[in-house]
Amino acid sequence: MTNSINEIEEAEVILATGSNTSEAHPQIARRMMTAVDKGAKLLVIDPRRTRLTELADVHLQIQPGSDIPLMNGMMRIILDESLADRMFIEMRTENFEALQEMLNKIDLAEVERITGVPLAEIRKAAILYARARRAVICYCLGITQHVAGTKNVQTIANLAMLTGNVEKEFTGVDPLRGQNNVQGACDMGALPNVYPGYQKVDDIACREKFSKAWCTELDPAPGLTLLDMTHSGANGPMKGMFIMGENPVLSDPLLDKVEETLSNLEFLAVADIFLTETAQFAHVVFPAASFAEKGGTFTNTERRVQMVRPAIAPIADCRTDSEIISEISTRMGYPMSYESSTEIMEEIALLTPIYGGIIHQRLGGDKWGLQWPCPDQNHPGTPFLHKHYFTRGKGHFIPGEHTPPVEPPCEDFPFFLNTGRVYHHYHTGTMTRKSEALNRESNQALLQVHPDDAKRLQIREGDILCVASRRGAIQIPAQITHAVAPGSVYTSFHFSETPVNRLTIDTQDPIAKCPEYKVCAVRIEKAP
Amino acid sequence: MDGMYILSKDHLRSFLRKINKANRLVAPIVNRHGDTLFSVIDDLDYAPYEFNQQSQNGIKSFFFPQQETIATYSSQDGDYSFTAPSDEPEPTVYFGVRSCDLMAIMHMDDVFMGEIKDQQYMAKRQQAILIGLNCNHPFENCFCNATKSGPFLGSGFDLQFTDQGDNYLVQVGREKGAALLKQWNQFFTPASEEQIQNQYQLSLEAMANFQLNVHADQAIQRLQNGQVPEEIWQSLSLRCQDCGGCAFICPTCTCFTIVDRKLSADHGIRLRNWDACTFSGFTRMAGGHNPVHHKTQSIKQRFMHKLCHDVKEHGSPSCVGCGRCVDICFGGVDIVRFIKMAGED
Numbered sequence: 001m002t003n004s005i006n007e008i009e010e011a012e013v014i015l016a017t018g019s020n021t022s023e024a025h026p027q028i029a030r031r032m033m034t035a036v037d038k039g040a041k042l043l044v045i046d047p048r049r050t051r052l053t054e055l056a057d058v059h060l061q062i063q064p065g066s067d068i069p070l071m072n073g074m075m076r077i078i079l080d081e082s083l084a085d086r087m088f089i090e091m092r093t094e095n096f097e098a099l100q101e102m103l104n105k106i107d108l109a110e111v112e113r114i115t116g117v118p119l120a121e122i123r124k125a126a127i128l129y130a131r132a133r134r135a136v137i138c139y140c141l142g143i144t145q146h147v148a149g150t151k152n153v154q155t156i157a158n159l160a161m162l163t164g165n166v167e168k169e170f171t172g173v174d175p176l177r178g179q180n181n182v183q184g185a186c187d188m189g190a191l192p193n194v195y196p197g198y199q200k201v202d203d204i205a206c207r208e209k210f211s212k213a214w215c216t217e218l219d220p221a222p223g224l225t226l227l228d229m230t231h232s233g234a235n236g237p238m239k240g241m242f243i244m245g246e247n248p249v250l251s252d253p254l255l256d257k258v259e260e261t262l263s264n265l266e267f268l269a270v271a272d273i274f275l276t277e278t279a280q281f282a283h284v285v286f287p288a289a290s291f292a293e294k295g296g297t298f299t300n301t302e303r304r305v306q307m308v309r310p311a312i313a314p315i316a317d318c319r320t321d322s323e324i325i326s327e328i329s330t331r332m333g334y335p336m337s338y339e340s341s342t343e344i345m346e347e348i349a350l351l352t353p354i355y356g357g358i359i360h361q362r363l364g365g366d367k368w369g370l371q372w373p374c375p376d377q378n379h380p381g382t383p384f385l386h387k388h389y390f391t392r393g394k395g396h397f398i399p400g401e402h403t404p405p406v407e408p409p410c411e412d413f414p415f416f417l418n419t420g421r422v423y424h425h426y427h428t429g430t431m432t433r434k435s436e437a438l439n440r441e442s443n444q445a446l447l448q449v450h451p452d453d454a455k456r457l458q459i460r461e462g463d464i465l466c467v468a469s470r471r472g473a474i475q476i477p478a479q480i481t482h483a484v485a486p487g488s489v490y491t492s493f494h495f496s497e498t499p500v501n502r503l504t505i506d507t508q509d510p511i512a513k514c515p516e517y518k519v520c521a522v523r524i525e526k527a528p
Numbered sequence: 001m002d003g004m005y006i007l008s009k010d011h012l013r014s015f016l017r018k019i020n021k022a023n024r025l026v027a028p029i030v031n032r033h034g035d036t037l038f039s040v041i042d043d044l045d046y047a048p049y050e051f052n053q054q055s056q057n058g059i060k061s062f063f064f065p066q067q068e069t070i071a072t073y074s075s076q077d078g079d080y081s082f083t084a085p086s087d088e089p090e091p092t093v094y095f096g097v098r099s100c101d102l103m104a105i106m107h108m109d110d111v112f113m114g115e116i117k118d119q120q121y122m123a124k125r126q127q128a129i130l131i132g133l134n135c136n137h138p139f140e141n142c143f144c145n146a147t148k149s150g151p152f153l154g155s156g157f158d159l160q161f162t163d164q165g166d167n168y169l170v171q172v173g174r175e176k177g178a179a180l181l182k183q184w185n186q187f188f189t190p191a192s193e194e195q196i197q198n199q200y201q202l203s204l205e206a207m208a209n210f211q212l213n214v215h216a217d218q219a220i221q222r223l224q225n226g227q228v229p230e231e232i233w234q235s236l237s238l239r240c241q242d243c244g245g246c247a248f249i250c251p252t253c254t255c256f257t258i259v260d261r262k263l264s265a266d267h268g269i270r271l272r273n274w275d276a277c278t279f280s281g282f283t284r285m286a287g288g289h290n291p292v293h294h295k296t297q298s299i300k301q302r303f304m305h306k307l308c309h310d311v312k313e314h315g316s317p318s319c320v321g322c323g324r325c326v327d328i329c330f331g332g333v334d335i336v337r338f339i340k341m342a343g344e345d
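Chains as they are written, first to last, in the working numbering: chain A, 1 to 528; chain B, 1 to 345.
I should point out that these hints are in silico values taken from the structure, not numbers from a laboratory.
Just so you know, even glycine gets a beta-carbon here, dropped at the ideal spot from N, CA and C.
None of the hints are false.
One side of the interface only, derived from the structure: several residues of chain B facing chain A at Cβ under 10 Å:
#1 L238
#2 D242
#3 F282
#4 R284
#5 G287
#6 G288
#7 G332
Throw the hints in and build the complete structure from the sequences for me.
In C-alpha cells:
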C-alpha cells in the first residue's frame with residue numbers, strides 16, 4: 001500500500017476494485033465504512049454483488065476481465081471533462097503523450113459494450129474519483145489474478161497519476177495483501193528474482209554484497225516461479241523441493257499437474273503446522289511452530305514491521321521456521337547459527353536498505369512497529385509513499401490495451417467461473433478448517449448461480465452440480481443468489497472436498513506469472 | 001458485621017495477602033503488554049493491579065469459560081459412555097469488580113441458576129466471593145447510568161469498596177462478605193458519618209462524569225412498542241463484520257454451543273464453547289434454511305434480547321453499560337450506536 005491503513009478513513013473517495021473487502025480484509029473494510037460515515041463516496045468495481053457493493057455509491061458490475069477498458073474509459077472521460085491534473089502530470093510523470101494518444105482512440109460506446117456497465121455509471125465514477133481531493137484506490141486479487149494482471153495494475157497507476165491521486169496523505173494506490181506476512185515474505189526475497197529488499201539477483205553489485213555477507217558464491221540466474229516448479233511435471237527439471245507453509249496441492253491451478261510433479265520428485269520435504277494435502281506427498285515432514293509459538297516480525301499490508309512474541313512454547317517437537325532452515329542448512333554443509341530472531345533482524349537491517357533502521361529494540365514496548373522504507377535508526381518510518389518523487393524518479397505512464405480473458409465462455413462451456421474466498425476460511429483451510437466454530441459457519445464450498453440461470457437449468461438450492469472445465473470436473477452444491485451476474489458462477493477454493501483448482505486455468509500473466517484464477521469457462525449441469 | 005468500614009490503602013496488599021491464604025485471588029492486572037485484564041494473581045508482591053483503567057474483560061470467563069470440557073466420552077462397539085469432569089473449583093475472591101460486571105454476574109445467575117441449574121456454573125459461583133469497586137470516574141465508553149447498573153451499586157456484592165483517596169470505604173453486602181470482614185477485622189475501623197456522607201457525594205459526582213449520553217430507556221420503549229424500523233436493522237446488519245467480538249467481550253452474553261472433539265478412535269471430549277447470535281450458523285437449520293436473514297437481521301436478535309426480551313423477562317435490560325462492545329466492534333454496530341439510531345425520529 002502506498003498509504004497507511006488508517007488513512008483510508010480520511011479519504012473523500014474510495015475506489016475498491018477486484019476486492020471483496022468486507023470478507024477478505026475486514027479490518028480494511030472497517031476503515032472504508034468509517035470513511036463512508038464521514039461522507040466519503042465509495043465506488044466499487046466488481047463483477048459480483050458483495051456487502052461492499054451494497055454500501056457503494058456507485059457499483060460498476062463489469063464483465064469479468066474488462067477492467068482495462070473500464071478504467072481506460074474512466075480516464076477518457078476525465079480527459080474530456082478536463083479533470084486531469086496537468087500540473088502533476090507535468091512535474092512528476094513521463095510518457096503522458098502515449099497514454100493520451102491511446103485514450104483518444106477509445107470509443108466509449110465500445111467501453112460500455114465490453115464492460116457491460118452503463119456509460120452514465122462509468123462517467124459518474126470517473127468524475128467523482130477525479131474531482132476528489134483525497135482519493136484512494138484499493139485493489140486486490142480480482143485485479144492481479146488475470147492474464148492481464150500486470151497491465152491491470154499499470155492501468156490503475158495511470159488512473160491515479162492522471163488525476164494526481166498519489167504522493168499525498170489519504171491519497172494513493174493500495175494493493176491489499178492477504179496473509180499476515182505476505183508483504184514480509186516478499187520483502188525478504190521470497191520471490192525468484194530478488195534478494196531481500198527487492199535487490200535484483202541479476203544486478204552484480206547486489207549479488208556481490210550478499211555474496212560477501214554470506215561468504216559464498218551466489219547463482220547469478222533468477223530462480224523459477226511457482227508454477228514453473230509445481231507444474232514441471234513427471235519428467236521436468238524439478239528433482240527435490242522443500243515447501244514451507246504452502247499447500248499447492250489445493251491452491252495452485254491444474255491440480256493434476258501439481259500432483260504429478262510432487263509424486264515424481266526424488267525428494268520432497270514439507271514444513272507446516274498440520275499435515276496438509278501437500279505434506280501427505282512428502283518424504284519428510286517437519287512439524288513447524290505456529291504463530292503463537294515463535295518470535296520475530298511480521299510485515300503487514302501497510303509495510304508495517306511488527307514484533308511477534310511467543311505466547312506459548314512450541315508444542316512437543318515443533319520447531320520454529322528459522323530453526324528448521326538453520327538446521328537443514330547446517331546439515332547440508334553451510335552452518336547457520338543465529339542465537340535469536342534479533343540477530344537475524346540485525347542482518348536484515350545490514351543488507352536491506354528499506355529495512356536499514358528496523359531492529360527489534362525499536363519495535364518493542366508500546367510501539368506499533370515501523371513502516372518501511374526506514375533507512376536508518378533515526379528514521380521514523382514512512383506512512384505513505386511517493387512524496388516528492390517515485391522510486392524510479394518520474395512516474396511512467398504505460399498505456400494498456402484490453403486483453404480479454406484467455407478462456408471466454410463458449411457453446412460447450414457457457415459460464416464464467418470466478419474463484420475467491422469466504423469470510424470464515426483462510427486459504428486452503430489448513431488452520432481454519434480445524435475450528436469447530438468456523439466449520440459450523442461454513443463447511444463446504446457452494447457454487448453461486450444466478451436465479452435466472454438456475455431457473456433455466458432447473459437447478460434448485462442445494463442441488464449437487466457437476467461443474468466441468470476443459471481441464472477437469474468437480475461436484476458441488478448450488479447456492480442460488482443474486483451475488484453473481486447471469487452467465488457467471490462463483491465459488492471458493494478452501495475445501496479439499498471440492499478442489500476448484502481442478503477447473504481453473506494455468507495461463508499466466510506474462511510478467512508477474514500469476515495464473516488467471518479469476519476467469520475460466522465452465523459448464524454446469526445437475527449431477528446424475 | 002453490618003454497616004460501613006474504612007480500610008487504609010496502605011494495608012490493602014496485606015489484606016489481600018490474608019485472604020489469598022485460603023482463596024485464589026482474581027483482580028485487574030496489567031500484563032507485560034500493557035493490557036489490563038482480570039487475571040489470577042500468582043504472586044501478590046509482583047502483581048501490578050490496576051484500578052484506574054477499565055479491565056478489557058469482565059469476570060464472565062471465570063464462571064463460564066470460553067471453552068469448557070463438560071464431559072469425556074469413550075465408545076466401545078457403538079456404545080458411548082460419558083463421564084462428567086471431576087475437578088472441584090477453587091475458592092476464589094474477585095477483587096475490584098466494577099458495578100457493571102457485578103450486575104452481569106447477577107444476570108448470569110438468573111440464566112445459569114434459575115429454573116435449570118447449571119452444575120458447572122453453580123460450582124464455581126458457590127466458591128466465589130465478589131468484592132466490588134464503585135466507579136468514581138466512569139471510563140470513556142461507559143453508560144451504566146443509562147442501564148441503571150452503576151456507577152455505584154447497592155447490592156450484588158459480598159463487599160463493596162469505594163475509593164476515598166487514602167482509604168477505601170467498605171460496605172458489607174452478603175453473608176460471605178460479612179464473614180470475611182469478621183475474620184480479618186483488624187484491618188477495618190468503623191466509618192465516620194463524614195466518610196459515609198462523602199460516599200454519597202462521590203456517587204453524585206460520578207453520575208455527572210459520564211462522557212457518553214445514551215438514552216437506553218427510549219430505545220427500550222420503542223423496541224417494546226415495535227417502533228424500530230426495519231431499515232435500522234438492515235443498515236447495521238450490513239455493516240456487522242460477523243466477528244462475534246461483541247458477544248465474546250460482553251459480560252452478559254451467555255449463549256454457547258456444544259461440540260464433540262474426537263481425540264482418538266474410541267475416546268473424546270464434549271466441549272461447551274461460547275457462541276454468538278450474530279453468527280449465521282447460530283440459527284441455521286439442518287436443511288440449510290435460516291429463519292434469520294443474515295445480511296439484514298444478523299444483529300436484530302442481539303439487541304432485541306438485551307433491550308427488549310430481558311426487560312420483559314427480568315425487569316431490566318441485560319446490557320450493563322460497560323461499553324466494551326463499543327471499543328471492540330469493527331463495523332461500528334455497537335449497542336450505543338443502535339440506541340442512538342433507535343431513538344432518532
